[in-house]
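The residues making up each chain are set out below.
Protein chains: 2
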Amino acid sequence: MVTRLSNFFLRTLREDPAGAEVASHRLLIRAGYIRPQAAGIFAWLPLGLRVKAKIETVVREEMAAAGAQEVHFPALMPRESYEATGRWEEYGDLLFRLQDRKGGDYLLAPTHEEAFTLLVKDLYSSYKDLPLTIYQIQDKYRDEARPRAGLLRGREFTMKDAYSFDSSDEGLDVSYQAQRDAYERIFQRLGLEYVIVQADAGAMGGSRSEEFLHPTPVGEDTFVRSAGGYAANVEAFTTAVPDAVPFDADAAPVIFDSPNTPTIETLVAHSNAHLDGDYTAADTLKNVVLALTHLDGRRELVIVGIPGDREVDEKRAEVAFAPAVVETATTDDFEKNPLLVKGYIGPWSPTGAVLGEESATGIRYLVDPRVGEGTSWITGANLDEKHAHSVVAGRDFFADGIVEIADVRAGDPAPDGSGPVELARGMEIGHVFQLGRKYAEALGLKVLNENGKLVTVTMGSYGIGVTRILAIIAELNNDEKGLIWPASVAPFDVQVVAAGRDQVAFDVAADLSTTLEAAGLDVLYDDRPKVSPGVKFGDAELVGVPKIVIVGRGAADGEVELWDRRTGDRDALSIAEAVERLTSR
Amino acid sequence: MVTRLSNFFLRTLREDPAGAEVASHRLLIRAGYIRPQAAGIFAWLPLGLRVKAKIETVVREEMAAAGAQEVHFPALMPRESYEATGRWEEYGDLLFRLQDRKGGDYLLAPTHEEAFTLLVKDLYSSYKDLPLTIYQIQDKYRDEARPRAGLLRGREFTMKDAYSFDSSDEGLDVSYQAQRDAYERIFQRLGLEYVIVQADAGAMGGSRSEEFLHPTPVGEDTFVRSAGGYAANVEAFTTAVPDAVPFDADAAPVIFDSPNTPTIETLVAHSNAHLDGDYTAADTLKNVVLALTHLDGRRELVIVGIPGDREVDEKRAEVAFAPAVVETATTDDFEKNPLLVKGYIGPWSPTGAVLGEESATGIRYLVDPRVGEGTSWITGANLDEKHAHSVVAGRDFFADGIVEIADVRAGDPAPDGSGPVELARGMEIGHVFQLGRKYAEALGLKVLNENGKLVTVTMGSYGIGVTRILAIIAELNNDEKGLIWPASVAPFDVQVVAAGRDQVAFDVAADLSTTLEAAGLDVLYDDRPKVSPGVKFGDAELVGVPKIVIVGRGAADGEVELWDRRTGDRDALSIAEAVERLTSR
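Protein chains in written order, with our numbering: chain A, 877 to 1461; chain B, 877 to 1461.
Treat the hints loosely; a few may be bogus.
No distinction is drawn between identical chains; accordingly, a pair holds when it is met within one copy or between any pair of copies.
[As the list claims (entries may be wrong)] Keeping only pairs whose Cα atoms sit at most 30 Å apart, straight-line, the calculated DSSO-like set for lysine-lysine is:
| # | residue 1 | residue 2 |
| --- | --- | --- |
| 1 | Lys-930 | Lys-1218 |
| 2 | Lys-1314 | Lys-1004 |
| 3 | Lys-930 | Lys-1322 |
| 4 | Lys-1406 | Lys-1004 |
| 5 | Lys-930 | Lys-997 |
| 6 | Lys-978 | Lys-997 |
| 7 | Lys-997 | Lys-1322 |
The set of hints was computed from the structure by calculation and includes no laboratory data.
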C-alpha cells in the first residue's frame, strides 16, 4: 500500500532543536524520525522505525547466516547475578537501579552477559550441546552522566548483543571469528567503512577484544595504526618495551640545586643552563601523584613515573586502573603526605628510596614501560628546589610495577614491530570480545567434556548498537538541506511528489506511486493538496529518501523528473523510463 | 534454511516447573518457549520468539489495514506527564519507580497514554491533521502484587497499545469502531473465540469502554450476558433502578427486640418467628462498614446499605471506590465510632437519623440502587440486640448516594431490558476505550477547529496483550502430551522426524525438509543422531508443531507417515503425497 504524506504521521520542523549539536541529532529530529522524551531517551516515529527495522533485518540475516539464534531478555533484571559477577557495584552510577514492591533489588540491564550465562547453565550440560551462539536485539539502559549527541550517546539504546559458548579455547576462536566475519558483512551491507582495532576489554573482563571503528575526523574515539597493519584503540595500545641498558659504567646520582623548577619546562631550561649536556623533556622523569577510589570506597594514592615529554592520557589511565576511579591528587593529599615535595618528587633521595621498594611513604610507585632497567633520568630529589641527575632505574630505584598511562603519539613504534603508528579518529560501531571464563566461573557454568569431566565454558560477547549505527549513518549521509539515506536503509525507496496545481499531476503521481509499489518498491507519495511545490521539495530533501520523482507541469505530456537526492541530478524522463530506471536494480 | 534440532537452542524438560499451575505456564516452560528470570518476568527462547513474532505480524497487518501507524516509546519515562494526569499516584504499588543519577523521578511505563498525548501535542496543531491513530508494540511493566499463571499475569508483558486522536466526538466514534473492527479481525485470524462486553474504564477514565473476552470456564474475569444481546463484565454491570414505590399508607417504623441476631440469617429466622409475615433475606437491609484509603493517605469510613440477600462483590467495590483502596472496617474502626453498634447498624433510629442526611456519625451512607424511594426494610436500630421493621427509604432515611457493590446473579435483569442475565467466565484478550478528553485536558492537547478556535482533542485507547494472547492460545490448545499450535501462530509449519536407525531415514528426512522449506514452509527437522524415535515423538508432541512427518522404516521404500498433532491421525503416504498434502494449502 502506497504511504500518502497527507495522512502520514510526520511533521518536519523548520528550526533546529535546542541543544542538538551534531548533524544526526538535529536532522533526525527535524525530519521527524525521533522525538526526545528525556535526556538521552527518545521516541521513534514512523520514519525512524522504518530505518531501524531495515538495519535490524540486515543484522538478523547475518546473525542467522553465522548460525546465531535469536532469544530475548527483559530489560528489568534481578540484582543477584550481577552481584555474583561484581558488576552490580562495578557499573557505579551508570546503572539504573530500582526496587519492586517487596524491596527486591532490580536493574535495567546495560548488557546481559549474566543472563545469557545463566540461561545456558539452566538448559545445557554437555560439550555436545556446544558450540552455541545466541543473541537478542533489545533495548538497553545506561545512566550516562552526560547524555549527548542524540542517539550517539543516549541513555536508552537498541543493541544486538550476541554471546558464544564453547567448551574449548579453540572453539571460542571459531565462534569469535564467525561473529567477526558477520560484523564485516553487516557493515559492508550497510555501506559503513570500518577499521578493526585491538581494544581493551574494560569492565567486561576477558582476553581478545576488538572494536569496529568507523574512521572519521569527528569520531569520539582515538585509535592508532601502522602502515604494517597494526591497529588499536588508544586504551589498548601497548608501548614496545625497550631492552635493558647496561649501567655498570654510569656515575652515581648527583643532587643539584634547581630553584623555581616545579615544571618539566623550567627543569629542562635550568638543566641546559647549569648542567653539562643538551637535555630535552624526554631526559626527565615526571612523577605524577594520582588518587584512586576503589570499589569498596577506599582511597589510595599512587605515583606514576613517566618520561617528562609525555602527558597522562586520561582514558588510558581510566582503563589501566579500572575498576577504580582515577583523579589527580588534591592539596589535601599532599598535606597528609609531607614526604611528597610538590614539584620535586622523585624515586630516589640521598637518604634512601622514597618511592618504590622499601618506600618510606608506603605509596605504590609505578612506571611507564620506557622507564626500563638502566635508563638514566633527571628527576626530583624529594627536597624543595632540588633535583638529581644520573638517577638510574634498577640501580637507584625500583618500581612496584609497570603501568600504561602516558599518551600515545604519532611515530611511536607499534608493539608488533610493524613500524611507527599514526593517530586517527573513529566512531565505535561494533565490538567483539573473548570473555573467556570470567562469567562462566562466577556463575558456575560448566559442562561435561568428552571424558566425563566438568569443564568451565568459555564465552564470547559481540555487540552492535543498532540505534547508534542508525545515527552514524545519518551523521555520514547528509548535507545542509537534510538527510540522504543509502538505499539499503532508507525509510522508503522512492518519494513521489505531486508538484503541479492541476489535478492531472495528482492523478499521474497516484498512478505512478501504485505502479512502483506494485513493482516491490516502498513508496512515499506526497499528495498534500494545498502545499506548494517548494515546501514539498524542501521536505523531501530534509527527509532524505534517495530517489525522488517530481510529477509537475509535464505530467499531462507523460513527463516527470527523476531527482537523485545525493547527486542532486534531475533528469526529465517519460513515466515509463522513470519506472524502468527505478525498478531496474 | 531448514532448522535442525541437533543445533537448535532447545532443551525440553521432563518435569513440570515448580509453582506453574496453569497449563500454558507449565507447557511453555517445559517445551522450551520461555524461561523465568524473576517473579512474572520471562526470557524468550527461539521457539517462543517465533510464535510471538507471528502474533505481532497479524496485529501489525490489521493495524495497517485500519490505518494505524506504528511508533515506539521507551519503557523508561519521566515522572512529569504521569504526575499531570494523576497516574503517578493512582497506580500505587503497581508502578515500578526509579531515580536517575541526578535524582530525577522515572517510571517503567505500565501504559503510554500520556506519552502519546504529548507527542501529538508536540507535532500537530490543526483539525486538518486529524483523525490520527498511532500504536506501538512494546514491553510494559506492572509490579503486580501476585504475579501468577506465567505470562497470563506477569510483571513484564508485550502489548500493542493504540491511541486515536480526533477533533470531534463523531470522529472518535469512527476511530473507535475502526479499532474495534480490527480487533475482531485479529481474533478471528488467531482463531480466538471472543465476546465483546461493556467494561468499566477503571483507572483509565473515559466513557465508552468494551472488553474482548475469550469465554472459558477457567477465565479469571466474570461477565454477564442476556439472551437479548447485552454483555458486560461484572464490574460494569448496572442494576436496573426500580420505580419509586408509594409509601403514604405505610406504617411508621417499629423497633423490636432481636437478641442474638447479628447476621442476616439469624435476623430472618427471628423475624419469621416473632413478626407477622413471611420474610426472606431480601426483606432485610444489610449495612456494611467499609474503610477507604484515599490517594492522599486519608482513611474514611463509609457505610453501604444493600439488600440482605446480596453479598459485597470485591471487584465491583474496588471499581466503585477507585482510586481509593477498599477494605472491611476493623475492630479499631468500630471502637472509634461508638454509635456504630456492630451487627445492629441501621440508617434510622428512634432518636433521629444515624446514617445519611444529618447523620450524627458524620459517616457517608451509600445504598444499592435497589434501596429506592418507598422500599421498606427490616434493619438494625442502632441499639444492641434491637432491629426495626417498616423502615422506609425516602421517608425514614435518606442516603448520601447510590453505589454498585452488590454481587450480580444469574437472573438479574439486564439494564437495557433485554432480559435476565446469565453469568459466564472469560479471559480478557483486548480492550477498547473511549478516553474522551481526560488526557488531552490534563496535558493541554488542543487543535484549531474549522473556525479557528482551539478545541480539546478527544482520544481513544486500544490494547491487546501480545504475550497474554500467546499464553491464552497455549492454554486453549494443548493436551496431556503437550502443546498443539494452530497453524496461524505455530513456531514451525511442519516438524520432520528422522525416526529410523538407518542412514536412509536421515537422508530422506533431510531431502524432504529441504523440499518443504523450498515450498515456503517453516521446517523443524529433528536430525538428532542418537536419540530414540520415542524420545523424538515425545518432544514433537510437547513442542506442538501442528504437522509432523515421521521418516522411519519405510523411508527406503519412499514411504513416510503424516501425523496430525491435534487429531492424532497418522497416515502412511508416499513422500510425494506427503509433500502434496502439506503444501496444498
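Right, here's what the structure says about each hint:
no., hint, result
1, Lys-930 - Lys-1218, "neither (58 Å within a copy, 69 Å between copies)"
2, Lys-1314 - Lys-1004, "within (22 Å within a copy, 59 Å between copies)"
3, Lys-930 - Lys-1322, "neither (38 Å within a copy, 35 Å between copies)"
4, Lys-1406 - Lys-1004, "between (67 Å within a copy, 12 Å between copies)"
5, Lys-930 - Lys-997, "between (33 Å within a copy, 28 Å between copies)"
6, Lys-978 - Lys-997, "within (27 Å within a copy, 37 Å between copies)"
7, Lys-997 - Lys-1322, "within (7 Å within a copy, 54 Å between copies)"
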